[in-house]
Amino acid sequence: MHHAGFNKPPTNAVLRISAASIAAVCMVIILVAAAAPESLTTSLEYNRPAILAGELWRLWTGHLVHFSVQHAVMDGIALFVAGLMTIRLCGTGRFWLHFLWIAPMISLGLMWWSPTLLVYRGLSGIAVAVMMLAAIALYKASAPSRPWVAFFCIVMALKTMAEANGFAMTSANLPAGVQVEWRAHVLGALAAPMVMTWRHVWEKRCQSRWELRWRRRSQQRLQRGDSDKLSIPARFLLD
Amino acid sequence: MKFSAVLITTLAALLIGGCASSFSSREVKQSASIVDYLYPRAEQAPKTEPGMAYLRPPVRVGLAFVPTASRGHALPETEKIKLMERVKASFAPYSFIGNIEIIPTQYLQLGGGFANMEQVARMFNVDVVAMVSHDQVQFNDSNKLSVLYWTIVGAYIIHGDQFDVQTMVDVSVFDVASHKLLFRAPGTSQVKGAASLANFSERARAAQVEGYNKAVEELIPPLKAELEKFRERIKADPGFRVENRAGYKGGGSIDLLGLLLALSLPLLLAAFYFVPRYVPRYLPRYAPRRIQ
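Heads up: the protein sequence lines correspond to chains Z and L, in order.
Counting along the first sequence from 1, when you hit position 121 you're at 121 in my numbering, and nothing is skipped either side.
Counting along the second sequence from 1, when you hit position 96 you're at 1096 in my numbering, and nothing is skipped either side.
The hints are simulated quantities; they were obtained by calculation from the structure and are not laboratory data.
Note that CB positions come from ideal geometry on N, CA and C, so glycine has one too.
Any given hint could turn out to be false.
Residues from chain Z that face chain L, not an exhaustive set, calculated with beta carbons under 10 Å [what the hints assert, rightly or not]:
#1 L52
#2 L56
#3 F80
#4 R88
#5 Y120
#6 S142
#7 A143
#8 W182
#9 A184
Anything over 10 Å on all C-beta distances counts as not near chain L; from chain Z, calculated [stated by the list, open to error]:
#10 V14
#11 R16
#12 S21
#13 R94
#14 P104
#15 P144
#16 M194
#17 R216
#18 R221
Can you build the whole structure from these sequences, using the hints too?
Here it is, written out as structure tokens:
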């Protein structure tokens, strides 16, 4: 059994460490929501004018701060569950790499799509992206799961449409005056396939570059008469 | 013959020397008063009606010059827009301020009052209007060098005329719905210079624009300070109430359905990825696709 994108499945030790890393991040997020002073949270939140004024760290940190502990707990659980799956299917390194890419993609998307949104906090955009990453990886890894994954995506889309029309169930998680930013969920869902496609193209490109370099060196060695130094696959391929 | 030649020369010198006063008046004034605009026919002091001003951030702000009757020496509209762009830029960094619309003076009526302000606010979809009123006086005087204008060449070379342009610009910010003055800030400037007779009007016009530019530069720091003071004031003032506008703050929040969906993924993973590996071969099962 191979899992998506990797030649070898991660060992149990690696999985434990990965699970612990996601759990630690989720705990830190909940602790920040519970105990961090408001001035710190304000300096980390997504704030459109501040980002335009050059405070670019907010593109990442805006997703790590929340309006309430309940808000952080719900987002943290979703990220933990979906993150474990993504790590199992895609690998730990790729999961965190995707995390780093997806966060600014959602923030920049919000700046473009929702210019009236001035302040945003929450991990749900990334959590939705990670859920989509897991769904895509499962879709690729197991053909029989595809109808169920498609059903999952349809339910997600319907839920987001309901949120866009004001039928959100999360009002209890958010303080008065703060609305669910459904656009972040849409952007997260769009960012996941974009990041996976980009990774696929990039890895293919790196692989082909490495292969070309290897072929060129082998041919140069052959031309110099150093055929003894050629590796066995090179001898096989170049003959 | 000799006497008549001297007389003609003297008269010519006097005429040329007096050209400066012939071409331009001694004092040029242009002003646009916010009081004249808002209360055009007020014979008594305007009564302030007690009422609540609701501010819903991000507040949409309209920015306009108070219309003026004097067309001859009025600041050109292009210059007004440039000045308003600078004032707009000073408001831009504040998160509680949303769109800032520049309202051309043609949209405002002379002495239009609050009725006109409300019409324009509806048209531009703004909650608050910042009105720029101004007062500029230009004093023109001839100096001793102007006597050399009689040489004709001197009228092009000698800076025998001088001007002193004194400008005051004032921004008053009004809540359109409650007609309340939220805050105001002034800026002043003085520009002095001299020019020859030939290019006096050109230099004087440039000095007028420079006067406005400098006054607006002077205006921006007190405007920011007044805005900060106003933010503090409305926390304690019962006449103001701040309400969040829908969409100003957003939370990325997962609801119960989202959480259930997230929890369904491991079930799918278990059902279609792990369990088939452990099902005995003689039982029917799904075969997971191998990914190379």
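Hints versus structure:
1. Of the supplied interface hints, the one on Z:L52 holds, with its beta-carbon coming within about 8 Å of a beta-carbon of chain L, less than 10 Å.
2. Violation of the interface hint for Z:L56 is found here, the shortest Cβ-Cβ separation to chain L being roughly 15 Å, above the 10 Å cut-off.
3. With a least beta-carbon distance of about 9 Å to chain L, the hint placing Z:F80 at the interface is held under the 10 Å criterion.
4. Given the 10 Å rule on beta carbons, the hint for Z:R88 holds: about 7 Å separates it from the nearest Cβ of chain L.
5. For Z:Y120, the interface hint holds, since its Cβ comes within 10 Å of a Cβ in chain L; the closest pair sits about 5 Å apart.
6. Nearest Cβ of chain L to the Cβ of Z:S142: about 4 Å, under the 10 Å cut. The hint holds.
7. At about 5 Å, the closest approach between the beta carbon of Z:A143 and any beta carbon in chain L falls short of 10 Å, and the interface hint on this residue holds.
8. With its C-beta approaching chain L no nearer than about 9 Å, Z:W182 sits inside the 10 Å limit, and its interface hint holds.
9. Checking Z:A184 against chain L by beta carbon gives a least distance of about 4 Å; that is within 10 Å, so the hint holds.
10. With a minimum CB-CB distance of about 17 Å to chain L, Z:V14 clears the 10 Å threshold, and the non-interface call stands.
11. Every CB of chain L is more than 10 Å from the CB of Z:R16 (nearest about 16 Å), matching its label as outside the interface.
12. No beta-carbon of chain L is positioned within 10 Å of the beta-carbon of Z:S21; the least distance is around 18 Å.
13. Z:R94, annotated as away from the interface, keeps every beta carbon of chain L farther than 10 Å; the closest lies near 14 Å.
14. Against the 10 Å criterion, Z:P104 stays outside the reach of chain L, whose nearest CB is about 14 Å from its own CB.
15. With a least beta-carbon separation of about 4 Å from chain L, Z:P144 fails to lie farther than 10 Å from that chain, contradicting its non-interface assignment.
16. Once the 10 Å rule is applied to beta carbons, Z:M194 is consistent with being away from chain L; the minimum gap is 18 Å.
17. Listed as outside the interface, Z:R216 is consistent with that label: its C-beta sits roughly 25 Å from the nearest C-beta of chain L, beyond the 10 Å cut-off.
18. For Z:R221, the requirement that its beta carbon stay farther than 10 Å from each beta carbon of chain L is met, with the minimum near 29 Å.
When the structure is compared with the earlier hints, violations turn up for hints 2 and 15 and for no others.
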